[in-house]
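Asks: Below, each chain spelled out in residue letters.
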Amino acid sequence: EAEVAQSPRYKITEKSQAVAFWCDPISGHATLYWYRQILGQGPELLVQFQDESVVDDSQLPKDRFSAERLKGVDSTLKIQPAELGDSAMYLCASSSRLDNEQFFGPGTRLTVL
Amino acid sequence: ILNVEQSPQSLHVQEGDSTNFTCSFPSSNFYALHWYRWETAKSPEALFVMTLNGDEKKKGRISATLNTKEGYSYLYIKGSQPEDSATYLCALLGSNYQLIWGAGTKLIIKP
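Those sequence lines, one after another, are chains A and B.
Just so you know, we're using my numbering here: the first sequence kicks off at 1 and counts up by one.
Just so you know, we're using my numbering here: the second sequence kicks off at 1 and counts up by one.
Okay, chain B solo, but in the shape it has when bound (with noise of 0.2 Å):
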């Protein structure tokens, strides 16, 4: 059975800092790797799809690799701004082609 961890729960970070976040999974059984972005009041924002070993996407400040291996994905946000403030969350589209959540990592940037 897929476990999606992510850590940490929430993270407050000064704004212009660079940051990032972990999402870990015990098993590589799954067909991609997804990460949403959830401002509040909006509606969950898909990020990225990630599907190789080694994968490394890239939108902007914010990119992501997969290391499927050592079961873990990491996302990165340089140079920090308000607007990224929001819950991070970070799911496994597993064989049944349903997606396995986290329970996401709050970001608040702090002006």
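Just chain A, same shape as in the assembly (with noise of 0.2 Å):
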């Protein structure tokens, strides 16, 4: 059965320093998704893919985090510098179309120290 892929699984930095993640969705989805998840709280939107274009990233901090999918496949999220308030789940999320059920990987946690 196909899956989303995430790596690495767990990430521990130190604040200050650059983390970078992966994603690669399921083969032909379109539609790419990176989610920030504090414990207790709803899976939050960072950025939206279509193919290789940013559909919206009104919620990325963009003075610390980017995120690009060069070729439409994968996709990398980083931070620069990490912040405390950065440790969290950083889901990725695939779907066939956008109106359709979303595929999850099983996340990055990271901690920042």
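Hints were generated in silico from the structure; no laboratory data involved.
All values derive from a computational prediction rather than experimental measurement.
We treat Cβ as the ideally placed atom computed from N, Cα and C, and that holds for glycine.
A portion of the hints provided could be inaccurate.
To be verified - The calculated DSSO-like cross-link candidates involving lysine-lysine, where the alpha carbons are at most 27 Å apart (straight line), are:
1) B:Lys59 to B:Lys78
2) B:Lys42 to A:Lys11
3) A:Lys78 to B:Lys42
4) B:Lys69 to B:Lys110
5) A:Lys11 to B:Lys106
Claimed, not checked - According to the in silico footprint, chain B covers these stretches of chain A (three or more CB under 8 Å from chain B):
6) 36-49
7) 94-107
To be verified - Label pairs and their calculated CB-CB ranges:
8) A:Thr76 to B:Lys42: 22 to 30 Å
9) B:Asn53 to A:Ile12: 14 to 22 Å
10) B:Glu15 to A:Gln50: 42 to 50 Å
11) A:Leu113 to B:Asn53: 47 to 55 Å
12) A:Gln17 to B:Gly79: 42 to 50 Å
Relying on the hints, combine the two individually framed chains into one complex.
Replies: Next up, the structure:
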């Protein structure tokens, strides 16, 4: 069964360091999402791609976060420099259509010390 | 602006008992309502996508109803089992085709 892949699963870093997360969506899924989930809250959308184009990044803290999906397949989310408040679960999801269910990867648990 | 509320925040249920929890929203201005189950150390998994008022979906022991006029959706679990322990998330698909998420209901089944 096709799955969304994410790596790493866990990342511990010190504040002011750079971190990067990778996501490989289900083959053929044009829409890719990056979410941040803080314990006790629902996922918060950071950025949405349609193929290689950014559809919405209004909630992405652009002073330190960047995301790309150069070939419209896999995607990278970067944080530089990391801050203590960035500690969270970062989830990647993909869907075949905008109105379809989203398929999630296992997430990356980021801890910033 | 759509706002999604889920209640209760957490729930302890004895194995074998049935249970239900709620997703409520103030407006019916959305395309669909999604229910997801998120087990610890696993990926969130879609349970149901509901689109119509009066819509009812069922998958095994789990079912869901949607009442857009009253502004709520219920998720029911019949005869709870330990493997049902998870956080259940509700999300609305808004006019911009983005999901607006509730904070979830954490369900713990006691053996």
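Asks: Is Lys78 of chain A close enough to Lys42 of chain B, meaning Cα to Cα at most 27 Å?
Replies: Holds. Lys78 of chain A to Lys42 of chain B sits at ~23 Å (cutoff 27 Å).
Asks: Are at least 3 residues of the stretch 36-49 of chain A within less than 8 Å of chain B when you compare beta carbons?
Replies: holds (count 7)
Asks: Mind checking the alpha carbons of Lys59 of chain B and Lys78 of chain B for me, to see if they're no more than 27 Å apart?
Replies: It holds: about 11 Å lies between the C-alpha atoms, which stays within 27 Å.
Asks: With 42 to 50 Å as the target window, see if Glu15 of chain B and Gln50 of chain A comply at their CB atoms.
Replies: Between Glu15 of chain B and Gln50 of chain A, where Cβ atoms are some 44 Å apart, the hint holds.
Asks: Assuming the hint says 22 to 30 Å, is it satisfied by the Cβ distance from Thr76 of chain A to Lys42 of chain B or not?
Replies: Once the Cβ atoms are compared, 23 Å apart, the range 22 to 30 Å for Lys42 of chain B and Thr76 of chain A holds.
Asks: For Gln17 of chain A and Gly79 of chain B, compare the CB-CB distance with the range 42 to 50 Å and indicate the outcome.
Replies: 49 Å Cβ-Cβ, so the 42 to 50 Å window holds.
Asks: Is the Cα-Cα distance between Lys69 of chain B and Lys110 of chain B 27 Å or less?
Replies: violated, 35 Å
Asks: Is the coverage entry for the stretch 94-107 of chain A by chain B consistent with the three-residue Cβ rule at 8 Å?
Replies: Holds, because 10 residues of the stretch 94-107 of chain A bring their Cβ atoms closer than 8 Å to Cβ atoms of chain B.
Asks: Please work out if Lys11 of chain A and Lys106 of chain B have their alpha carbons no farther apart than 27 Å.
Replies: Roughly 25 Å separates the two Cα atoms, so the pair holds.
Asks: Does the alpha-carbon distance linking Lys42 of chain B and Lys11 of chain A stay inside the 27 Å limit?
Replies: holds, 17 Å
Asks: How does the Cβ-Cβ distance of Asn53 of chain B and Ile12 of chain A compare with 14 to 22 Å: does it lie in that range?
Replies: violated, 47 Å
Asks: Is 47 to 55 Å respected by the C-beta to C-beta distance linking Leu113 of chain A and Asn53 of chain B?
Replies: holds, 49 Å
Of the hints listed earlier, those the structure fails to meet are numbers 4, 9, in rising order.
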